[in-house]
Amino acid sequence: MIPVSWFLVLSGVLFALGVAAFLIKKDLLVMFLAVEVMLNAANLAFVAFARLHGLLEGQAAVFFIITVAAAEAAVGLAIILLVFRRKKTVKADDISVLKG
Amino acid sequence: MKDVFWLIPLLPAAGALGLLVFGSRLHRAAVSFVGCLTVLASFLLSLLSFLGLSGEAAAQGPQIKVLFDWLDAGRFSAGLSLQFDALTAVMALVVTGVGFVIHVYSVGYMRGDRSYARYFGLLNLFVFSMLLLVMASNMIVLFIGWEGVGLCSYLLIGFWFEKPAAAAAGKKAFILNRIGDAAFLMGILFLFVHVGGTEFRLIERTALDGGLGTGAATLIGLLLFAGACGKSAQLPLYVWLPDAMEGPTPVSALIHAATMVTAGVYMVARLNPLYSLSPPALQTVAVVGAVTAVFAATMALVQNDIKRVLAYSTISQLGFMFIGCGVGAYSAGIFHLFTHAFFKSLLFLAAGSVMHALSGELDLRRMGGLRRYLPLTYAAFLVGTVAISGVPFFSGFFSKDAILTSAFSAGRHFVWVLGLLAAVMTAFYMFRLLLRVFHGRERLDPEAKAHLHESPPVMTVPLIVLALLSVSAGYLALPAVFGKDLDRFGRFLGSVIPAGADAHVSLGTEWLLLLASTTVALLGIGLAFLFYGRPTVIPEALVRKFPRLFSLVANKYYVDEVYGAVIVNPLLRGSEAVYRRFDLKVIDGAVNGTARLTALAGRGLNVLQTGRVRDYALALLSGLLVVLGVLVL
Chain W
98 MIPVSWFLVL
108 SGVLFALGVA
118 AFLIKKDLLV
128 MFLAVEVMLN
138 AANLAFVAFA
148 RLHGLLEGQA
158 AVFFIITVAA
168 AEAAVGLAII
178 LLVFRRKKTV
188 KADDISVLKG
Chain F
59 MKDVFWLIPL
69 LPAAGALGLL
79 VFGSRLHRAA
89 VSFVGCLTVL
99 ASFLLSLLSF
109 LGLSGEAAAQ
119 GPQIKVLFDW
129 LDAGRFSAGL
139 SLQFDALTAV
149 MALVVTGVGF
159 VIHVYSVGYM
169 RGDRSYARYF
179 GLLNLFVFSM
189 LLLVMASNMI
199 VLFIGWEGVG
209 LCSYLLIGFW
219 FEKPAAAAAG
229 KKAFILNRIG
239 DAAFLMGILF
249 LFVHVGGTEF
259 RLIERTALDG
269 GLGTGAATLI
279 GLLLFAGACG
289 KSAQLPLYVW
299 LPDAMEGPTP
309 VSALIHAATM
319 VTAGVYMVAR
329 LNPLYSLSPP
339 ALQTVAVVGA
349 VTAVFAATMA
359 LVQNDIKRVL
369 AYSTISQLGF
379 MFIGCGVGAY
389 SAGIFHLFTH
399 AFFKSLLFLA
409 AGSVMHALSG
419 ELDLRRMGGL
429 RRYLPLTYAA
439 FLVGTVAISG
449 VPFFSGFFSK
459 DAILTSAFSA
469 GRHFVWVLGL
479 LAAVMTAFYM
489 FRLLLRVFHG
499 RERLDPEAKA
509 HLHESPPVMT
519 VPLIVLALLS
529 VSAGYLALPA
539 VFGKDLDRFG
549 RFLGSVIPAG
559 ADAHVSLGTE
569 WLLLLASTTV
579 ALLGIGLAFL
589 FYGRPTVIPE
599 ALVRKFPRLF
609 SLVANKYYVD
619 EVYGAVIVNP
629 LLRGSEAVYR
639 RFDLKVIDGA
649 VNGTARLTAL
659 AGRGLNVLQT
669 GRVRDYALAL
679 LSGLLVVLGV
689 LVL
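Residue numbers (our numbering), protein chains in the order written: chain W, 98 to 197; chain F, 59 to 691.
The shape of chain W in the complex, shown without the other chains (with noise of 0.2 Å):
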């Protein structure tokens, strides 16, 4: 039996990998990648937690967020494909219209 506490190291590392990778690279999609990586692994404490009280609402949770996550990720994949129709990159840096 595996310990719940090694699930959680491992939703740790795959959520820190996440940050870092969100961090570092510049390409939009790759970035995107890693908000799913980092969603993975919320997903992965969910279970483990659920696992570790004995309930099912953190497994059905789970499936909703992946549910919501496949719906977030056709329109965010869309937005990416608009911006990249308006301004022929997908670099994050060269995206900054927002600036103040």
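Read the hints as simulated data drawn from the structure, not as lab findings.
Heads up, a few of these hints could be off.
What the hints assert, rightly or not - Distance condition first, Cα-Cα at most 20 Å in a straight line; then the derived EDC-like pairs of lysine to aspartate or glutamate:
hint, chain 1, residue 1, chain 2, residue 2
1, W, K188, W, D124
2, F, K123, F, E262
3, F, K507, F, D363
4, W, K188, F, D673
5, W, K122, W, D191
6, W, K185, W, D124
7, W, K122, F, D673
8, W, K196, F, D673
9, F, K614, F, D363
10, W, K123, W, D190
11, W, K123, F, D673
12, W, K184, W, D124
Using the hints provided, position chain F relative to the given structure of chain W.
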């Protein structure tokens, strides 16, 4: 039909409302009809109520009609209530009677004016306010009327507001009255404090029961008198009245001669129980009246504007009325108010008729010899002049003599001498006016002469009516030398103004006083004839001999200039300084500073908004770490 008197003020109010709202859509004839008829109806109602007063009813005190309780808060209460007693009857009859005559005259005088309906609407509104003033049964309602007539005065002086002088004159009248009214209002508030209410009955009862100390009575009396000084154009607040002549002449006759300016005299007479408690207040009233009477008369001597001479004369005559009140002869003061209303409005209307004939000319130096062209106007003016000058057996003689006799018998010899002096000058300047306008060489503008014509009957009939009243009104109160109990006027007022307020002198003394009054009147007239009766150089010679004195008087003692330099300019300049230092610097500075600070802060924080997603993510992360750190540690 006993308590219909409360309808008296409501009729002109209805007329005013109708004319001011719908007047511009009505035909002129309809406007004249409504304007005059409401006042006539008021007059008839007043007459009815007056007849109902005779006999025993008068002694029982005033009839009172409470229309509704207006304010009721703790100890403070004020009902909107009207009353009708002898004094009110006299005033209501004068206001509606003279008012009606002047309304009729206005139909002719204002013919062709663009704002005909506005004129009659305002005139009706004035009559309403004035009736409210004289019929009020407490000081609060009186104050409403008091402010109402002030408002109408302002609106009617500035009736031709396209003319800058008229607009300025209206403003001047309003502001000067405001100064007096501030004191007046304080007086009313002190009445609440010391008497506990402002109902006239209550004031009278408290005063007679000794519930009011001399100090309190003096304070209240002086404050209220300050208000009267504003409204009745006494020193030092008189300067608005000569300027008020910018208004239409019938307005000058009604408001600035016969009715509104006498409101102060009415107020003092109405509060006679209070004033009688305070010798210092009465003394002030008498002295201010006497000094004003002389002071204004000197200015009337040298004016060249026909209406301004009459204006200064009005101020002077109001001074006489205050002398009467101030020496305790309230009924004599009211009697002079009564006769003055007739002859002064007659003089104003006759002057209006002269202006009408001469296409608006006001300057005496471009008149002369008019009696051949304007016989009726001349006759009317002559009657008015004779009456005001105090020629025996005309009304002004009886009323002025009553005041002077009372002043003498009350032991105020100084006031009496000032009164005689003013009487000489009155006779002089009035006959100077008469001779300069109607006699002597014609000095007319050729163009004006071409249009010269006597006024239409709608204007001359009112003159005739007023002339008859000017002659006969005096016989209501004959001096004691002609027999006992001929002072019907005083007896009629007895229920409001206790008789015996004025001490009596022996018949011999009274004869002498009568002789003195007659002598000064004839002296003034004689001097006027000497100066202006035939071509002579006396006036010019006098001017050459006393050039300084002449220019001092001709420039109205520079009072306007002094007020301007001492009060108006410092105020203006002070306001300017405050505006520059405080408004611009402090207030605007605070507002603009706040805005500038916000903009600055925004620009500083702008740097954070780079537009790069990574920076935001980093900020989010650091925020998260901070929160976690706080939670864990």
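- Between W/K122 and W/D191, does the CA-CA distance stay at or below 20 Å? holds (13 Å)
- Query: Taking 20 Å as the top limit, are the C-alpha atoms of W/K184 and W/D124 close enough?
  - Reply: Roughly 13 Å between the alpha carbons, so the hint for W/K184 and W/D124 holds.
- Message: Would the hint linking W/K123 and F/D673 be met if the CA-CA limit is 20 Å?
- Response: holds (12 Å)
- Between F/K123 and F/E262, does the CA-CA distance stay at or below 20 Å? holds (18 Å)
- Query: Is the hinted pair F/K507 and F/D363 satisfied, with a Cα-Cα distance of at most 20 Å?
  - Reply: holds (18 Å)
- Message: Tell me if the straight-line CA distance from W/K185 to W/D124 falls inside 20 Å.
- Response: holds (13 Å)
- Query: Do the alpha carbons of W/K196 and F/D673 lie within 20 Å of each other, as the hint requires?
  - Reply: holds (11 Å)
- Query: Between W/K188 and F/D673, does the CA-CA distance stay at or below 20 Å?
  - Reply: Holds: W/K188 and F/D673 sit about 14 Å apart, inside 20 Å.
- Message: Need the status of pair W/K122, F/D673: alpha-carbon distance at most 20 Å?
- Response: Roughly 12 Å between the alpha carbons, so the hint for W/K122 and F/D673 holds.
- Message: For W/K123 and W/D190, compute the direct alpha-carbon distance and say whether it is at most 20 Å.
- Response: Answer holds: W/K123 to W/D190 is near 7 Å, not above 20 Å.
- Message: Hinted pair, alpha-carbon criterion (20 Å max): W/K188, W/D124. Please report holds or violated.
- Response: holds (5 Å)
- Message: Just to be careful, I want the Cα atoms of F/K614 and F/D363 compared with a cutoff of 20 Å; is the pair within it?
- Response: holds (13 Å)
In this structure, none of the earlier numbered hints is contradicted; all agree with it.
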